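Colleague: Sequence:
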Amino acid sequence: MSASISARRLRSPYPIVIRAVRGPADLAVVINQDTAGLTAALWHGQARTLQPLAFDHATYATTATPDGRHLLDLDDPTGSEVGHLHAFPIDGGDAVDLTPHLGAYTIRGIDCATDGRTVLVTGADESGFFVLVTSIESPETSRVIFHSPNESWSGILSAEAAMVALETTDHNPGVRRFAVTVLDTATGDRLATLSDGPVGPIRPVRFAQEPGMGPGQRHAYRHPPG
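For the sequence shown, position 182 matches number 182 in this note's numbering, and the numbering has no gaps at all.
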């Protein structure tokens, strides 16, 4: 490879994260790495077009709402990866703090229901790990539905936002061999826990994409031991 070709290649942005956004709009968030850092774009699958976004908060966790109106990510002005989750309007305007009543925390998972409004935050602060339900339209009503001193990651919402599945280690604290815990979104009650023993991790992949699907149509993935 010639020096000029090599230089062009190294200066060209390349995607490092492509995150599909569930919902009928067939969207995906594309996070690119270039010499200036991370940039975000929105892939419109139906039109097969890539929309560059003027978004200077892009991280590996950046996601979009299914209606394509907002990007969701942590606002951490100091770059410490500690702050508050915000909804950033894609077409411009003021960002919305989705957890105005909380202290600073770090993100362990972001999800948004297919209605484009209900947002799920998995986070960690000095008190432990938590799952919080909030809303872009009324963030002042945000509420914690789960809290544990043990590692908990990557909460996901069912299609109708009635249930949450997340990775938990309460069955084996201190060891990152996850079980799957399912919660009632309205009450925070634990509906079920699936474990493959203390060293056999299981992680939630996704709920069925259509509301009202039964338990047989929800999936978890068992990692091989190791």
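To be clear, the hints were calculated from the coordinates, so they are not data collected in a lab. A couple of the hints might just be wrong.
[Unchecked claim] Here are the in silico distance ranges between beta carbons for each label pair:
#1 Q46 <-> V199: 21 to 29 Å
#2 G197 <-> H101: 34 to 42 Å
#3 A104 <-> P149: 15 to 23 Å
The model shown is predicted, which means the values in this text are computed figures rather than measured ones. Heads up, the beta-carbon is just placed ideally off N, CA and C, and yes, glycines get one too.
Colleague: With 15 to 23 Å as the target window, see if A104 and P149 comply at their CB atoms.
Modeller: At 18 Å between Cβs, range holds.
Colleague: Taking the Cβ atom of Q46 and the Cβ atom of V199, is their distance within the range 21 to 29 Å?
Modeller: violated (44 Å)
Colleague: Given the hint of 34 to 42 Å, check if G197 and H101 actually sit that far apart at their C-beta atoms.
Modeller: holds (38 Å)
Hint compliance for this structure: hint 1 alone is broken.
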